[in-house]
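Let chain R serve as the given structure and place chain S on it in line with the hints.
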Amino acid sequence: MKTNLIRIGAALGAVLVAAPALAQDLTFWSWRQEDKAAYEQFIDTFEAANPGITVKFETFEATNYNTILSTALAGGTGPDVMMVRAYGGLENVASAGYLEPLSTETVPALADFSQASLSAESMRSDGKIYAVPFASQTQFVIYNKAIFDANGLEEPQTWADLEALSQKLKDAGVIPFANGTATAWQNETVTFGLGSSLMGEDFYNDLVAGNADFTDERFTSALGAVADIAANYFPDGFIGLDYPSAQQLFSSGMAGMFIGGSYELANFKNQNPDIELGMFAAPGETADDAKLVAVYFDGGYAVNAATPNKDAAITFVNYLASQEFGQAFANTLNNISTIPGVTFDNPLLAEVAELNQSSIPYLMLAHFRYGEPSGSVLIQGEMQKLFSGETTSEAIGEVLTTGLAAWYEPFQN
Amino acid sequence: MPKLRMTGRGLWITVLIVPPLAFVALFIVYPIISAFAYAFFDWQGLKRGAYVGLENFHTVLFVEPYRSWTLNAFKNNIIVFFALMVLQNGLGFILAYALWRELPGARFHRIAVFLPVVLSTIIVAYLFKLFYHPLFGVVNITLKSIGLGWMAQPWLGQSGTALWSIIVAQAWHMVGFPTLVFLAGMQRIPGEILDAVRMETESEWVKISKIVWPLVAPSATIVFTLLFVGAFNWFELPYIMGGLDGSPFGSTDVLGLYFYRTAFGNVSAGQQDFGLGSALAVLIFLFIAVIASVITVRLRAREIQI
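As they're listed, the protein sequences go chains R and S.
Take the first sequence: its position 232, counted from the start at 1, is 232 in the numbering used here, and no numbers get skipped.
Basically the numbering used here = 1-based index in the second sequence + 1000.
Since the hints were made in silico from the structure, they are not lab data.
The reader is advised that the hints may include incorrect statements.
Stated by the list, open to error - Incomplete in silico selection of chain S near chain R, CB under 8 angstroms:
#1 1031
#2 1035
#3 1042
#4 1044
#5 1155
#6 1158
#7 1247
#8 1248
#9 1249
#10 1250
#11 1269
#12 1272
Computed from a prediction, not measured in an experiment: that's the story for all the values here.
We put the CB at the ideal spot given by N, CA and C, even for glycine.
With the rest of the complex left out, here is chain S:
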């Protein structure tokens, strides 16, 4: 009978892997499974009531006014995703390219672009809330002082501008992150390839589209996936800038806020339903998981072809 003995290496692996595994199981896997289970019950406050099958899912997806609320929050998440794709990742790519080209003052700009990422979201939220203040905000004051007073708006108070105002704050806050990732990707491009291209063409467009973009595509995978997950889990900025209700009238409501409000309640509105909240959480989780894996698989396939 062979002796069961742990080698030094095996012991180390066990020691290192068990705590994080336990952590993940306890704080990630278990809550997710619980949320699945909770979604099938009726709840009174936090006390579990009768088993109701798929009724909670049915309610949030098909029964008014929940249906409109769900669709509205989902629609806003999609707007946020596409807007950030352009404003945050698109701008990030252009900034990375500019930094990579070592334009004058590149070192200063590199810090300036990345600095906001370090700021806490709470600070960014309050900062932009002040900027947008209808009476004392620097945005309106600036517009008025340069003769564009007609453009001054109650930015966070009307449905047409509120969500976009928050998106701009988010893009400013995080644009340094994709910039950094793209820049790292660009810096891995071998010098010989660049020299060869320089001899062939002067066109920046050709350089970007034929050489730089294809070669930083692996970085794009991670940036897109993170943006997707981030956009659909968006919570802090809209919470602080628009409120838990997605004020005004739902125009800044996103799935994260909607789920939180439904499950844990809102003191000033008296809403609390753990079952509906769990059903929403499950739907959001499934949606993100499915789409994120599709993105990853598709973009990885692209990586290999290159």
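Just chain R, same shape as in the assembly:
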């Protein structure tokens, strides 16, 4: 009798313990509203291979996503799996302990990811990885192939080439660059999309190693050169031109080039399906200088530390780290997947991947968004001033260095 009771109790207990494993409903949050259909496809594939786990994909408005997510996590109502931003944006959530640390034990595929992509999704204080990186973005110059062909132009090898071809376009009545600087963050894009090769990899390495700061001549002279291009070859009144207007100038074929990110490629194709796009890394002073693009990682997939469905969530992020997923992601969403071994069918993506072979990290995002004031805040406003002639590039170097010294230790002496 007694043993029977124990047996029944044990059986009941086993059922209770197993019960959550039977119903594994995961919620998965994202800011990519435009990718909803694609993600639902990916999820169908995952669910077919993992019976018993269902995933519900929910999207939120991109600009307020961080706030919505951290509010939900703080209130204990967050999702099981979520998209999180990279670098400082990740630390905001991870440092509060909301995210489950990942490792090569729980997600073996992480072992093959590039170090740069993993450090974008790691916290600096504990060095742990908190998300599976999903995409990288590249800042460079995009051009309209038809316009280049019609004017007999080729991708520039030196800065002088770039100026000469811009002048040719201008003489032909085409706006050389569509960019405007009224939208603050565009100033950062223009600066590093155009100036990375002029600054050079040595400057970047010296800066990160603490051997140089932003008053360095390599940096300030690059800012000056970028501002010269803007003054001569951006549209009339470009300082009043906002981001959507600039995009339209380019996609409508009124301008030959656009300084932007790889995320623009799909936009431009949507706005004008007939446009033929090319891209190049803005050159350095001479043809011998390495042509560099600025690369950053967008974000990653993270697991809620407090989820009751941890096993299922880990299974799901393992799928999100798989080459199968990466390939589907690249093919469907036309984004550069960070998963090693993914190949790019889309020739534009293949070209971006090729350019990425020679790159430096998108400076302010990768290194200077960990404290306040962030490097991005400073450079966005300061470059706007430079473009309208209200400051000098040397003064910007000073402002950046002293401003960042508020929290960035290497600048504090």
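Just chain S, lined up with the frame of chain R:
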């Protein structure tokens, strides 16, 4: 022992007053008190860290670059307030007077003046953004077509014109509101007084300064107070027309934007500090509350004297 019984009237009062009271407590009083409390802590994202006393207040008021940012936003709010006082309320008073005098086409004008108030702020913002567009904007095109091409500007792109361009949009959008309030005040002026004045003088100035203005002063109280609160809480138009950063380089930054950006972050700049944001919110709240009550008391005193 007297019976505790609710009369029908008492019951009605309770039923009617409890829901709004609960609403106010939950969505207005509680958040304000919370913001006060939040301002005294250090924050990591939205997770509360250590108690830091007045440090957040100290930072936004005295530590660079926050100090310059705070002062700049505050300065812009003051410009907005005085500019709107003239452009929106001043023009509103003149328009109301013109409408009240029943000039030809008064009925049409009354609608024309009030119509923009009905439009959503978002629509007004995008409309004026198009007007000011440096390449295709109707403002520059018009200037060029009438031979004033030298006056064409990248209106929203340079610090000298950006804030003013947005102020003009705001004044156009809202001028119908003070007009309506002043007009209502003027229409309450008894006919006998006007007849008496007409016999005394022909001067419009005398009529306005001695009769109309003093008699619509009660309307002015409400219009000024609302403008003050509105000017210091200004958000939508500068947000859409100048961006969350107050572009270009802070020239359209106002306290509302600055507070929002600091507290909730800006994806493309990586700034987010809930503590500093709350401190700013508290300072803005205190400032508006104090000044608004001063305005109300001062102007009400004036009302009584009349």
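Here is how each hint holds up against the structure:
1. 1031: With a minimum Cβ separation of about 13 angstroms from chain R (threshold 8 angstroms), the hint on residue 1031 of chain S is violated.
2. 1035: Interface hint status for residue 1035 of chain S: violated (15 angstroms vs cutoff 8 angstroms).
3. 1042: Check failed: Cβ of residue 1042 of chain S comes no nearer than 12 angstroms to chain R, outside 8 angstroms.
4. 1044: holds (5 angstroms)
5. 1155: holds (6 angstroms)
6. 1158: Status holds, d = 6 angstroms.
7. 1247: This interface hint holds because 4 angstroms falls under the 8 angstroms limit.
8. 1248: holds (5 angstroms)
9. 1249: This hint holds: residue 1249 of chain S lies near chain R, its Cβ roughly 4 angstroms from the closest one there, short of 8 angstroms.
10. 1250: With Cβ-Cβ at 6 angstroms, under 8 angstroms, it holds.
11. 1269: holds (4 angstroms)
12. 1272: Check passed: Cβ of residue 1272 of chain S comes within 6 angstroms of chain R, closer than 8 angstroms.
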